[in-house]
Amino acid sequence: MAKQLFEWDYSSYPGAKKYPKLFEPVQIGNLLIPNRIKYAATEDNFNDHTGFITDADVAYIRRRAEGVVGGLCFMQGVYMDEARKGQGYVGQAACWDDKYIPGLKKIADAIHAEKAVAGFQLMDCGRVGAVEVPSGHGPSTVPQRLRIFKPMYEMTKEEIKEMVQQHVDATKRGIEAGFDIIEISGIVGYHISNFISSYTNRRTDEYGGDIRGRMKAVVEIIQGVKEVCGPDIPVGIRLCAEELLDDVRGNTPEESMESYKIAEEAGADYISVTAGWQESIVPVISRDVPMGSWVHLAKRAKEHVNIPVQMAYRLFLPELPEKAITAGELDIWEICRSMIADPLMPKKVLEDRQEEIRHCVACNLCLARLFRDAPMTCYINPVCAHEHDENFFPKPVEEDDEKEIIIVGAGPAGLECAYVAAQRGHEVHVYDKREEVGGTILEASKAPYGDEELMTCINYQKTMCKKYGVEFHLGTEVTDELIQDEMPDSVVLATGPLYPEIRGTVGEGAKIVNVLDVLGGTAEVGDNVVVWGNRKPGIGCALLLANQGKKVTIVGKEKTAGFDVNPSFKWRYMIYLRQNRVMAYNDCDIEEVKEGEVIVKTYDGYRFPLKCNTVVISERGANEGLKAVVQGEGIELFVIGDALVPRNMSSAVHDGYRIGLRI
Amino acid sequence: MPVNAEKEITTLWRNLHTAQNEICKTYYRWREVALEIAGPEAKPLDVALKAAEMMGVDIGKHFLPRLNWLKGEEPFMLNLGRQLAGLWAGEGAVTTVEQGESPSEILIRCTRDPWPTAARQYGVPMEEVALTREKLFQTILVDVSVFFSVPLKIEMLKAIPRGEGEWVFRLYKDEN
Numbered sequence: 001m002a003k004q005l006f007e008w009d010y011s012s013y014p015g016a017k018k019y020p021k022l023f024e025p026v027q028i029g030n031l032l033i034p035n036r037i038k039y040a041a042t043e044d045n046f047n048d049h050t051g052f053i054t055d056a057d058v059a060y061i062r063r064r065a066e067g068v069v070g071g072l073c074f075m076q077g078v079y080m081d082e083a084r085k086g087q088g089y090v091g092q093a094a095c096w097d098d099k100y101i102p103g104l105k106k107i108a109d110a111i112h113a114e115k116a117v118a119g120f121q122l123m124d125c126g127r128v129g130a131v132e133v134p135s136g137h138g139p140s141t142v143p144q145r146l147r148i149f150k151p152m153y154e155m156t157k158e159e160i161k162e163m164v165q166q167h168v169d170a171t172k173r174g175i176e177a178g179f180d181i182i183e184i185s186g187i188v189g190y191h192i193s194n195f196i197s198s199y200t201n202r203r204t205d206e207y208g209g210d211i212r213g214r215m216k217a218v219v220e221i222i223q224g225v226k227e228v229c230g231p232d233i234p235v236g237i238r239l240c241a242e243e244l245l246d247d248v249r250g251n252t253p254e255e256s257m258e259s260y261k262i263a264e265e266a267g268a269d270y271i272s273v274t275a276g277w278q279e280s281i282v283p284v285i286s287r288d289v290p291m292g293s294w295v296h297l298a299k300r301a302k303e304h305v306n307i308p309v310q311m312a313y314r315l316f317l318p319e320l321p322e323k324a325i326t327a328g329e330l331d332i333w334e335i336c337r338s339m340i341a342d343p344l345m346p347k348k349v350l351e352d353r354q355e356e357i358r359h360c361v362a363c364n365l366c367l368a369r370l371f372r373d374a375p376m377t378c379y380i381n382p383v384c385a386h387e388h389d390e391n392f393f394p395k396p397v398e399e400d401d402e403k404e405i406i407i408v409g410a411g412p413a414g415l416e417c418a419y420v421a422a423q424r425g426h427e428v429h430v431y432d433k434r435e436e437v438g439g440t441i442l443e444a445s446k447a448p449y450g451d452e453e454l455m456t457c458i459n460y461q462k463t464m465c466k467k468y469g470v471e472f473h474l475g476t477e478v479t480d481e482l483i484q485d486e487m488p489d490s491v492v493l494a495t496g497p498l499y500p501e502i503r504g505t506v507g508e509g510a511k512i513v514n515v516l517d518v519l520g521g522t523a524e525v526g527d528n529v530v531v532w533g534n535r536k537p538g539i540g541c542a543l544l545l546a547n548q549g550k551k552v553t554i555v556g557k558e559k560t561a562g563f564d565v566n567p568s569f570k571w572r573y574m575i576y577l578r579q580n581r582v583m584a585y586n587d588c589d590i591e592e593v594k595e596g597e598v599i600v601k602t603y604d605g606y607r608f609p610l611k612c613n614t615v616v617i618s619e620r621g622a623n624e625g626l627k628a629v630v631q632g633e634g635i636e637l638f639v640i641g642d643a644l645v646p647r648n649m650s651s652a653v654h655d656g657y658r659i660g661l662r663i
Numbered sequence: 664m665p666v667n668a669e670k671e672i673t674t675l676w677r678n679l680h681t682a683q684n685e686i687c688k689t690y691y692r693w694r695e696v697a698l699e700i701a702g703p704e705a706k707p708l709d710v711a712l713k714a715a716e717m718m719g720v721d722i723g724k725h726f727l728p729r730l731n732w733l734k735g736e737e738p739f740m741l742n743l744g745r746q747l748a749g750l751w752a753g754e755g756a757v758t759t760v761e762q763g764e765s766p767s768e769i770l771i772r773c774t775r776d777p778w779p780t781a782a783r784q785y786g787v788p789m790e791e792v793a794l795t796r797e798k799l800f801q802t803i804l805v806d807v808s809v810f811f812s813v814p815l816k817i818e819m820l821k822a823i824p825r826g827e828g829e830w831v832f833r834l835y836k837d838e839n
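As they're listed, the protein sequences go chains A and B.
When the letters of the first sequence are read in order and numbered with the working numbering, they come out as residues 1 to 663.
When the letters of the second sequence are read in order and numbered with the working numbering, they come out as residues 664 to 839.
Pulled out of the complex, with its shape left as it was, chain B reads as follows (with noise of 0.2 Å):
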C-alpha cells in the first residue's frame, strides 16, 4: 500500500495538536484540584507560583545533562535559551531565540501560545499567567546557575496575557 504522506503527516500533526492543548488543560484541571484541597484561605496565585517553582526545579535538573560551558559563553547562553524556548514550543507555542546586545544575553520570544486561551477556559486571572511562566523560568535557571558557577537572571519584558501582542523574555549573566 504506497505511502499517503498528506494524511500521515495530517493525523500526527492533529494528534500533536490534542497533546499539545491537554497540557495547559491538566495544568489547569489539576490547579482547580489544588485550590479545592488548599481550602478558601488559599491564594490561587501562591498556590500556581509554588507549583511553577517545584515545577521549574525539576525541569532546571533535567538542563544539567545538556548543557556544556566548555563551548564557551555565547553558544552556552543560546543553548540554554534555546532549551527554555524549545520547552514552551512543546507546548505548542511559537518561539523563536535571539542573540541580545552582548554574547551573554539572549532574548526569547513568543508570538503564538496556548496557556491564555487554556488560563481563559478555566477563569484563571491573565496576570497569573504571566507571572506563572516567569516563576517558572526563573526557577529552572537557579540549579542550573549553581551548577556552572554562572549568575543567570531571566527578566519578562512583554507577555501575550498583559495585552502586548507577544511574550519577551531576557536571559542574561548578571554581572553585579
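So that you can see chain A by itself, here it is in the shape it has in the complex (with noise of 0.2 Å):
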C-alpha cells in the first residue's frame, strides 16, 4: 500500500470542489501524494557561494512549502562534483561532500513544517555549469552559442563514471537530510539533456550514437539512484519533450518520447515534461506565448508513457491544469514562476481567493537575474528574496501611530502603497482623476505581445485595497486646495509621469500625439509615425502601430532599444521590432517637426530628415506638480513610481510597497 507522509483532508475547502481534480490525491511510485501541486526546483542564488543553504533559502522555500498546501516542493537542484564543472550558479546548493547535509536538513525540515513533500534534485548544470571555473564538462566538445557560457570539453569514460556515482552518492546524502522524493534533472541544457541531445553529444563510444546510446548515462544514473532509494522514495526525471533546437539539428520530438520510454524503462517513477533549451531561438515561456500552449506536450507523454506526468510552461491559472488532469493529458500541476510571484497562489485556489492571487506576468526578471549572478527577485513580488527579512512583511501600527494618507495617483505605484499602508492600520484615501483605477497600465496592457497581462497586477492589488478598507476618490484631480482643505497626514505622490514636449523646433501643421492616447485608440496617427522614446511604453506603442499596418521609427535617447526591459525578454521585442519593420535610432533625439517630416539628430551631431507626419512622444520626466504645497505645509511627503524617476511596473510596485511599510 502507497504511504502517505501527512494527512490533508481538503474536504471542506471550497477550491477544492470548483478544482476536484487539482485536489485529488495522486500516486508516484509508492508514495501518496495527498494533491497534484507541485513546486517545481527553481534556482534562487541564494546560497553561499560554497553551496551551503543560508537562511534565506530556507525561508523562502518554507513560503513555498506552505503554498503547496500538502502537496510536492522542491528544493533548488544541486550540484554534485567538487570541481564545480556542475555549477551553473553562484548561489547554487551543492551537494558533493557530507558537510552540506545539516543545511540540507534544514530545508527538507522547512518543507516537512509545512506537511508537504520534501523533494531533492540533482542538477548537474553541465552546458550551462561551471560558473566559477573556467571550463565545463560534456558529452562532446560543442561550441557554446551563447557567449555567457563557459567552454566545454568531452569527458573520458571514467568521468562519466564518476559522473553518475557523484548522482548515486548526492542521493544519499538527500535521503540523509530527509527528502521523501528525489528527481533529475534533464532539461533545458543541463548536463544530463546534453547527453541525449544530438546536438551536444557527438560521441562515438557506448555514450553516443542513437538515443540508445545517448541515453546511457542517465539509465545508469536512473539505476544507481533507484537502488540507493530502494522502494519507498520515489525517483523522477525532467526531461524535454521537444527541446527546440532545430536549427542546429537536436532531437527530433520522437527521439524525446523514445527518451521518456527509456527512462521509464530505466525505473522513473514519474516524468516531468519541459520544453526547449536555453539555447532555443524559439519562444517558450515569455508573455507572448499564450498561456496553456504547451499541454499538448504533456498529452503526447502521456501516450507514451505509464507513468506520472507533470508539467509547469504557462499554466498560470488552475483552469488549464484542472482541465488537462481530467482530459487525461496531465497529471500533476507544476508550479515555477505563478509561485515566484505569489508563494501561496495554489494555497489561495483552495481557499477560493483566486482574486487575491499576484499572478506572474511572465516577464523573466527572475531568471535574467540568475545568469547575471544576482539574487533572484520578482518584478511584481517586493517579498520575494526577502522572505527571512521579518521587515519586509507589514506590520500593524501602534493605535497613536495611525495616520491619514492621502495617495494621489491609482496606478501600479500607489495601488500598492495604500494596500500596504492600509493593511498597517492607516487610513487610507486615494486619489485620481481618472474615473478607473490602473494608471497608465489601463494603457500600457493594449500593447500587442501578451501586455494585457499586466492588468492582473492591477485587479490583485485592487482587490487588496477593498479588502483592507482604502478609501477611493475617483474622477477627483488633487489640488493645492484639496491637500490644504483635507490637511493628511502624509501624501504619496504616485502620480505617474510628465511628458515632455519636443526640445527642438515644431513647425506648424506638425502632429504630436502623446502615448497614451496612441494605445488608449483616442488618438488619430497618420500612415509613418515616429515614436519619441525607445524605451518599454515606446516599443509597445510601435508594435502596435506597426501591427496596424503603419510605418513606424523609433527615435530615442537610450543606446539601446529596450534598454529598460530585462534580457530575458528584450530579444522578444527585438525579433518583434524586426519583424514589424520596426527602425529603432537609438542614442539619438529629434531635432526639429514639421510637416511631413522630423529631423533627427544623432548624439555626436549628425542630422537626417524622416517622413513623418504624427509623431507619438513616449518619452518621459520626473513630476513635481503638489510637491511645493504638501512640503509648504509639513506634510510628509513620499514621491513613488514613475512620478520619482520613470521606470517599469516593477519599479512601481516595489516602490509602493516599501513606502508602504514605512509610511
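One should not assume that every hint holds.
For lysine-lysine, the following BS3-like pairs were computed, each having C-alpha atoms within a straight-line distance of at most 27 Å [stated by the list, open to error]: (1) A:Lys115 x A:Lys21; (2) A:Lys157 x A:Lys261; (3) B:Lys724 x A:Lys150; (4) A:Lys601 x B:Lys670; (5) A:Lys150 x B:Lys816; (6) A:Lys466 x A:Lys446; (7) A:Lys559 x B:Lys670; (8) A:Lys150 x B:Lys798; (9) B:Lys724 x B:Lys836; (10) A:Lys99 x A:Lys172; (11) B:Lys724 x A:Lys559; (12) B:Lys713 x A:Lys150; (13) B:Lys670 x A:Lys611; (14) B:Lys670 x A:Lys557; (15) A:Lys594 x B:Lys670.
Keep in mind the hints are simulated off the structure, nothing from the lab.
Please assemble the complex out of the two chains, which come individually in their own frames, going by the hints.
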C-alpha cells in the first residue's frame, strides 16, 4: 500500500470543490501525494557561494511549501562535483560532501513543517555550468552559442562513471537530510540533456550514437539512484519533450519520446515534461506565448509512458491544469514562476481566494538575474528574496501612530502603497483624476504580444485595497486647495510621469500625440509615425501601430532600444521590431518637427530627415506637481513610481510596497 | 536649420574611412609590439598566423547566433559567405558573394582591400598578408563546423597581395 506522509482533508475547502482534480491524491511510486500540485525546483542564487544553504533559502522554500498545501515542494537542484563544473549558478546549493547535509536538512525540515512532501533535485548544469571555473564538462566539445557560457570539454568514460557515482552519492546525502522524493534534472541544456541531445552528444562510443546510446549515462544514473532509494522513495526525471533545437540539429520529438520510454524502462517513477533549451531560438515561457500552449506535449508524453506526467510552462491559471488532468493529458500541475510571484498561489486556489493571487506576468526577470549572478527577485512580488527578513512584511502600527494618508494616483505604485499602508492600520484615501484605477497600465496593457497580462497586477491590487478598506476618490483631481483642506498626515505622490515637450523646433502643421492616447485608441495617427522614446512604452506603442499597418520608426535617447526591459524578455521585442520592420534610431533625439518630416540628430551631431506625419511622445520625465504645496504645509511627503523617476511597472510596485511598509 | 544631406554624408563617409584605415594600422602597430616582445628568435609569419588563429576563433563564436541550419544548406552557406564578406567589408574592402557550382559552394570575391596598402607602410611581406587572411577565415570556420556538424572548408584561389588582381575564396562543404 502506498505511503502518505501527512494527512490532508480538503473536503471543507471551496477550492477543492471548484477544482476537484487538482486536490485529488496521486500516487508516485509507493508514495501517495495528497494533491496534484508541485512547486518545481527553481534556482534562486540565495545560497553561500561555496554551496551551503542560507537562512534566506530556507525561508524562501518554507513559504512555497506552505503554498502547495500538502503537495510536492522541491528545493533547487544541487550540484554534485567538487570541481564545480556542474555548478550553474553562483548561489546554487552543493551536495558533493557530507558537510552539506545539515544545511539540506534545514530545507527538508522547513518543507515538512508545512506538511508538504520534500523533493530533492540533482542538477549538474553541464553546458550552462562551470560558473566559477574556466571550463565545463559535457559528452562532446561543442562550442557555445551564447557567449555567457563557458567552453565545454569532452568527458572521458572514467569521468562519466564518476558523474554517475556523484548522482548516487548525492542521493544518499539527500535521503539522509530527510527528503522524500528524488528528481534528476535533464532539461534546458543541463548535463543530462547534453547527453541525450544529438546536438551536444557527438560521441562515437557506447555513450553516443542513437538515442539508446545517448541515454546510456542517464539510464545508469536512474538505476544507480533507484538502488539507493529503494521502494519507498520515488525517483523522477525532468526531460525535454521538444528541445526546439532544429536549427542546430537537436533531437526530433520522436527521439524525445523515446527518451521518455527509456527513462520509464530504467525505473523512473514520473516524468516532468519540459520544452526548449536556454539556447533555443523559439520562445517558450515569455508573455507572448499564450497560456496553455504546451499542454499538447504533456498529452504526447501520456501517450508514450505509463507513469505520472507533470508539467509547468505557462499553466498560470488553475483552470488549465484542472482541464488537462480531467482530460487525461496531465497528472500533476507543476508551478514555478507563478509561485515566485505569489508563493501561496495554490493555497489561495484551495481557499477560493483566486482574486487575491498576485499573478506572474511572465517577464522572466527572475531568470535573467540568475544568469547575471544576482539573487533572484520578482518583477511584481517585492517580498521575493526577503522572506527571511521580518521587516519586509507589514506590521500593524500602534494606535497612536495611525495616520490619515492621501495617495495621489491609482496606478501600480499608488495602489500597492495604499493596501500595504491600510493593512498596517492607516486610513488611506486614493485619489485619481480618472474614473478607473490602473494608471498608465490601463493603456500599457493594450500593447500587443501578451501585455494584457499586466492588468492582473492591477486587479490584484484592487482586491487588496478593497480587502483592507482603502477609500477611493476617483474622478477627482488633487489640487493645492484639496491638500490644504484635507491636511492629511502624509501624502504619497504616485501621479505617474510627465510627458515632456519636444525640445527642438516644432513647425506649423506638425502632428504630435501622446503615447497613452495612441495606446488607448483615442488619438488619430497617420501612416508614417515616429515614436519618440525607445524604452518599453515606446516599443509597445510602436508594435501596436506597426500591427495596424503603419510605417513606424523609433527615435530615442537610450543607447539601445528596450534598455529598461530585462534581457530574458528583450530579445523577444527585438525580434518583433524586426519582423514588423520597425527601425530604431538609438542614442538620438528629435531636433525638429515639420509637416511631413522630422529631423533626427544623433548623439555625435549628425542630422537626417525622416518622413513622418505623426510624432508620438513616449519619453517621460519625473512629476514634481503638488510637491511644493505638500512640503509647504509641513506634511510628510513620499514620491514613488514614475513620478519619482520614470521606470517600469516593477519599480512602481516595489516603490509602493516599501513606502507602504515605512509610512 | 535645414539638413544639408551632402555635408552630413560626406562627414560620415570620411569618418568611416578614417576608422577603416585605423583598423589596419592598429593591427600592424600591435604586430610590431608583439614581435619586439617575442624577440629576434620569433618568426613574424608565425606570430601573424597565431594572431589570425586567435582572432578567427573569437570571431567564429560571434557567427554562431547568426546562423541557422533550418533555412537549408544553400541559404546557410550563402549567409555564412556573406558574414565573412561583411566582416571584410567592414574593414574597408569591396566584396561580393557568389553562388558556386553546387549549393554547398560559395565564392567570396574582393576587388579592393586596404590591408596590403597598410602592410606595405609597415614593411610587412605581402605573402604574410595573404596567408594571414586565409588563416583567419579558416579558423573562423572551426567552431562553426563543429557547432552545426557541417565539415566546412575555405581555400584561397587568388590574392591581391600575390599580384593576382583580386582575392577569391572558395567556401565549401567538404563531402569527403
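Evaluated hints:
1. A:Lys115 x A:Lys21: holds (20 Å)
2. A:Lys157 x A:Lys261: holds (24 Å)
3. B:Lys724 x A:Lys150: It holds: about 12 Å lies between the C-alpha atoms, which stays within 27 Å.
4. A:Lys601 x B:Lys670: holds (14 Å)
5. A:Lys150 x B:Lys816: Holds - the C-alpha atoms of lysine 816 of chain B and lysine 150 of chain A are around 26 Å apart, at most 27 Å.
6. A:Lys466 x A:Lys446: holds (25 Å)
7. A:Lys559 x B:Lys670: The hint holds at about 25 Å.
8. A:Lys150 x B:Lys798: Holds - the C-alpha atoms of lysine 798 of chain B and lysine 150 of chain A are around 25 Å apart, at most 27 Å.
9. B:Lys724 x B:Lys836: holds (19 Å)
10. A:Lys99 x A:Lys172: Distance of about 13 Å is within 27 Å: holds.
11. B:Lys724 x A:Lys559: holds (24 Å)
12. B:Lys713 x A:Lys150: Holds, because 22 Å separates the two Cα atoms, which is no more than 27 Å.
13. B:Lys670 x A:Lys611: With a Cα-Cα distance of about 20 Å, the restraint between lysine 670 of chain B and lysine 611 of chain A holds, given a limit of 27 Å.
14. B:Lys670 x A:Lys557: Distance of about 24 Å is within 27 Å: holds.
15. A:Lys594 x B:Lys670: holds (21 Å)
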